[in-house]
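Chemist: Below, each chain spelled out in residue letters.
Number of protein chains: 2
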Amino acid sequence: MEKIIVALDAMGGDYAPEQTVQGAVNAVNSSGEIKVILVGKQDLIQAELAKYEYNGDSIEVVHAEEIIDMGDVPTAAIKNKKDSSLVVAMRLVRDGKADAVVSAGSTGAILVGGQLVVGRLKGIKRPPLAPFVPTTKGFSLLIDCGANVDARPEHLVQFAQMGSIYYENVMGKKNPTVGLLNIGTEEEKGNQLVKDTKPLLKECKGINYIGSIESREIVRGAADVIVCEAFVGNIVLKFFEGLALTMFDSLKQGLLSSLRTKIGTLLVKPALKGLKKQFDTSSQGGAPLLGLKGLVVKAHGNSTCKEIEIAIKQCVSFKKQGINEKIKESICD
Amino acid sequence: MEKIIVALDAMGGDYAPEQTVQGAVNAVNSSGEIKVILVGKQDLIQAELAKYEYNGDSIEVVHAEEIIDMGDVPTAAIKNKKDSSLVVAMRLVRDGKADAVVSAGSTGAILVGGQLVVGRLKGIKRPPLAPFVPTTKGFSLLIDCGANVDARPEHLVQFAQMGSIYYENVMGKKNPTVGLLNIGTEEEKGNQLVKDTKPLLKECKGINYIGSIESREIVRGAADVIVCEAFVGNIVLKFFEGLALTMFDSLKQGLLSSLRTKIGTLLVKPALKGLKKQFDTSSQGGAPLLGLKGLVVKAHGNSTCKEIEIAIKQCVSFKKQGINEKIKESICD
Numbered sequence: 010m011e012k013i014i015v016a017l018d019a020m021g022g023d024y025a026p027e028q029t030v031q032g033a034v035n036a037v038n039s040s041g042e043i044k045v046i047l048v049g050k051q052d053l054i055q056a057e058l059a060k061y062e063y064n065g066d067s068i069e070v071v072h073a074e075e076i077i078d079m080g081d082v083p084t085a086a087i088k089n090k091k092d093s094s095l096v097v098a099m100r101l102v103r104d105g106k107a108d109a110v111v112s113a114g115s116t117g118a119i120l121v122g123g124q125l126v127v128g129r130l131k132g133i134k135r136p137p138l139a140p141f142v143p144t145t146k147g148f149s150l151l152i153d154c155g156a157n158v159d160a161r162p163e164h165l166v167q168f169a170q171m172g173s174i175y176y177e178n179v180m181g182k183k184n185p186t187v188g189l190l191n192i193g194t195e196e197e198k199g200n201q202l203v204k205d206t207k208p209l210l211k212e213c214k215g216i217n218y219i220g221s222i223e224s225r226e227i228v229r230g231a232a233d234v235i236v237c238e239a240f241v242g243n244i245v246l247k248f249f250e251g252l253a254l255t256m257f258d259s260l261k262q263g264l265l266s267s268l269r270t271k272i273g274t275l276l277v278k279p280a281l282k283g284l285k286k287q288f289d290t291s292s293q294g295g296a297p298l299l300g301l302k303g304l305v306v307k308a309h310g311n312s313t314c315k316e317i318e319i320a321i322k323q324c325v326s327f328k329k330q331g332i333n334e335k336i337k338e339s340i341c342d
Numbered sequence: 010m011e012k013i014i015v016a017l018d019a020m021g022g023d024y025a026p027e028q029t030v031q032g033a034v035n036a037v038n039s040s041g042e043i044k045v046i047l048v049g050k051q052d053l054i055q056a057e058l059a060k061y062e063y064n065g066d067s068i069e070v071v072h073a074e075e076i077i078d079m080g081d082v083p084t085a086a087i088k089n090k091k092d093s094s095l096v097v098a099m100r101l102v103r104d105g106k107a108d109a110v111v112s113a114g115s116t117g118a119i120l121v122g123g124q125l126v127v128g129r130l131k132g133i134k135r136p137p138l139a140p141f142v143p144t145t146k147g148f149s150l151l152i153d154c155g156a157n158v159d160a161r162p163e164h165l166v167q168f169a170q171m172g173s174i175y176y177e178n179v180m181g182k183k184n185p186t187v188g189l190l191n192i193g194t195e196e197e198k199g200n201q202l203v204k205d206t207k208p209l210l211k212e213c214k215g216i217n218y219i220g221s222i223e224s225r226e227i228v229r230g231a232a233d234v235i236v237c238e239a240f241v242g243n244i245v246l247k248f249f250e251g252l253a254l255t256m257f258d259s260l261k262q263g264l265l266s267s268l269r270t271k272i273g274t275l276l277v278k279p280a281l282k283g284l285k286k287q288f289d290t291s292s293q294g295g296a297p298l299l300g301l302k303g304l305v306v307k308a309h310g311n312s313t314c315k316e317i318e319i320a321i322k323q324c325v326s327f328k329k330q331g332i333n334e335k336i337k338e339s340i341c342d
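Order-wise, the sequence lines are chains A and Y. Numbering of the first sequence is given in our numbering, commencing with residue 10 and proceeding in unit increments. Numbering of the second sequence is given in our numbering, commencing with residue 10 and proceeding in unit increments.
Take the hints with a grain of salt, since some may be wrong.
Treat identical chains as interchangeable: a pair holds within one or across any two.
To be verified - Here are the simulated DSS-like pairs of lysine-lysine, each with C-alpha atoms no more than 27 Å apart in a straight line:
hint: 1; residue 1: Lys247; residue 2: Lys211
hint: 2; residue 1: Lys282; residue 2: Lys247
hint: 3; residue 1: Lys91; residue 2: Lys198
hint: 4; residue 1: Lys271; residue 2: Lys146
hint: 5; residue 1: Lys214; residue 2: Lys146
hint: 6; residue 1: Lys204; residue 2: Lys88
hint: 7; residue 1: Lys337; residue 2: Lys302
hint: 8; residue 1: Lys285; residue 2: Lys315
hint: 9; residue 1: Lys328; residue 2: Lys214
hint: 10; residue 1: Lys88; residue 2: Lys198
hint: 11; residue 1: Lys183; residue 2: Lys131
hint: 12; residue 1: Lys285; residue 2: Lys146
hint: 13; residue 1: Lys261; residue 2: Lys271
hint: 14; residue 1: Lys50; residue 2: Lys315
hint: 15; residue 1: Lys329; residue 2: Lys106
hint: 16; residue 1: Lys134; residue 2: Lys204
hint: 17; residue 1: Lys146; residue 2: Lys286
hint: 18; residue 1: Lys335; residue 2: Lys106
hint: 19; residue 1: Lys91; residue 2: Lys50
hint: 20; residue 1: Lys247; residue 2: Lys285
hint: 21; residue 1: Lys302; residue 2: Lys91
No wet-lab data here; the hints were simulated from the structure.
Chain A with its partners taken away, still in its complex shape (with noise of 0.2 Å):
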């Protein structure tokens, strides 16, 4: 059985490469099928491969002198930075020597180094970075929260497919529904960019469009695959992430409060722990960039080992499904 070749970003991430490093090994470690290439300073990465045991064939390492910082102009990084460890590793994947690249670096340069490095499938007019968020019947796939903003019509319905494309394949849903972000369920509700990509949405063939969708209903699961321009996806994204992670504080603040309620903490333990859990944005480990000729998965600045193993797992579904030739049939051709 041929391995599955994952280049990860070892010097991407706020916890590089202590946690990369320790995700890289316990993904090979779990999983026969995937190869793990470290790419970054190669004297750091040794010293972090050294603390554990692993299959020496499932992991190579290779060196890149330079880091991408999060305070770098991500067109400028990508373009000066050539022997960064996020544009080696992208490199890889454009060479033919890896299936994908995961990084946990700088969301900006891996938008830019997808579609100058990796590349655009033909006819793919914008990638977009498609994150899995948690609802109360699952998962939604929230399309597009890149950083390329400023979207037109044409490109929100490439997400519309991709989308569905992805979600059917990594769910195992056939005819995903498709829902349009907006302001309001009613026909002449929505800015300029949703009115005009309505009727587009319902002649588009081969998705399952449902109308549009409020976001109150998202968290609701009101639709599989949520088309929206990556300026609201971004903001949609982090405030999830960041009102489901001050609320917990906020409880936690309350349980710890008095002697009473610290009893009753205890007893309630088992279900504040499901809540957390069903309410974590990163549980899906990474997002993929979709629409270029290799995989690319973000994940998330924050993320420790297992969200590093989980991203770097998701690589071996995607390959396999085929959903890169997948869109290529249904869009490019």
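Add chain Y to chain A, keeping to what the hints say.
Modeler: Frame of chain A, contents of chain Y only:
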């Protein structure tokens, strides 16, 4: 002492006229400064009023035959239903017979009616809907959350100015901070609207502009006044509502799942109640539509008598603080 006169759209909202009438009675019974004019179907209103005791001088009924439904297209409804409770209530403000109008009816109709019937202050380009949202530090004003989408940079600058005046006077905080809602704090981040608005806000005198803020920081109280375009503001507001409610529902389900957690729930109840109250987006009553010749307050569609009462009482401080006069002075002149 002269009373503040509030025209209440008694027929607007999910629980009208029962809850609207009760809210009006509670408002006048608990504050000697208020007179409410109940506008709507006289027989229905009188039947509700008959249930309560109140000072007859504090409540008046003005008949209006029609009702604007949630399904009505706003502009058409305002133009064609001239004898609707909303339009009649707004005319009372226009004609100087009332200081303010409160409605829990269709947001779109309230926005259109505010502009067409009550009228904009001279120099105000677009009246924004500005609700308070709860944060861990208190409340932030999210301006604009209306349905007047696709704003221009100069509109956002006026939102910042009006929002500052409103916040300062209602919350009693001098020189409130103003943040621009964005997808990152770095200078190059943002969509075209945000990029074009940044330099204007930096130059704008009389506001305490602190730069871009990310959506994940809203709930942490990153800025007192959060400026955004209405499509985005509306999405954030409704998402807030939806996520907070859904998280409470899920928590409740988890807490009732076993005998152990049920016992614990009894002990932690005060903490849960506190949390629910803290993240209740409707706790501040209604949202004002700023920049009009009179005060227009939009209450939530599912307002009960409690929220209606708060919304009516809001009008008192708005009027007493002379917020409209201050807006005129600092922006319109």
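Chemist: Indicate which option fits the pair Lys204, Lys88 if close means a Cα-Cα distance not exceeding 27 Å: within, between, both or neither.
Modeler: between (37 Å within a copy, 23 Å between copies)
Chemist: What label fits Lys285 with Lys315 when the C-alpha limit is 27 Å: within, between, both, or neither?
Modeler: within (16 Å within a copy, 32 Å between copies)
Chemist: Within a copy, between copies, both or neither: which one fits Lys282 and Lys247 at a CA-CA cutoff of 27 Å?
Modeler: both (21 Å within a copy, 26 Å between copies)
Chemist: Should Lys88 paired with Lys198 be assigned to within, between, both, or neither, using CA atoms and 27 Å as the limit?
Modeler: between (42 Å within a copy, 18 Å between copies)
Chemist: Is it within, between, both or neither when you check Lys285 against Lys146 at 27 Å Cα-Cα?
Modeler: Intra 15 Å, inter 23 Å, cutoff 27 Å: intra and inter.
Chemist: Is it within a copy, between copies, both, or neither that the alpha carbon of Lys247 lies no farther than 27 Å from that of Lys285?
Modeler: Classified as both; 16 Å inside a copy, 21 Å across copies.
Chemist: When no copy is named, should Lys328 and Lys214 be tagged within, between, both, or neither for a Cα gap of at most 27 Å?
Modeler: Within. Shortest intra-copy distance 25 Å satisfies the 27 Å Cα cut-off; inter-copy 55 Å does not.
Chemist: For Lys302 vs Lys91, is the C-alpha pair at or below 27 Å within one copy, between two copies, both, or neither?
Modeler: within (19 Å within a copy, 59 Å between copies)
Chemist: Measure nothing new, just compare the shortest in-copy and cross-copy C-alpha distances for Lys337 and Lys302 to 27 Å and report within, between, both or neither.
Modeler: within (10 Å within a copy, 57 Å between copies)
Chemist: Evaluate Lys146 and Lys286 at a C-alpha cut-off of 27 Å and name the case that applies: within, between, both or neither.
Modeler: For Lys146 and Lys286, the Cα distance is within 27 Å both inside one copy (14 Å) and across copies (26 Å).
Chemist: Given identical chains, is Lys261 near Lys271, meaning Cα to Cα at most 27 Å, within a copy, between copies, both, or neither?
Modeler: Both ways: Lys261 and Lys271 sit 10 Å apart in one copy and 18 Å across, limit 27 Å.
Chemist: With identical chains treated as interchangeable, where does the CA-CA distance between Lys247 and Lys211 reach 27 Å or less: within a copy, between copies, both, or neither?
Modeler: Result: close only across copies, 25 Å inter versus 29 Å intra.
In this structure, every one of the numbered hints holds.
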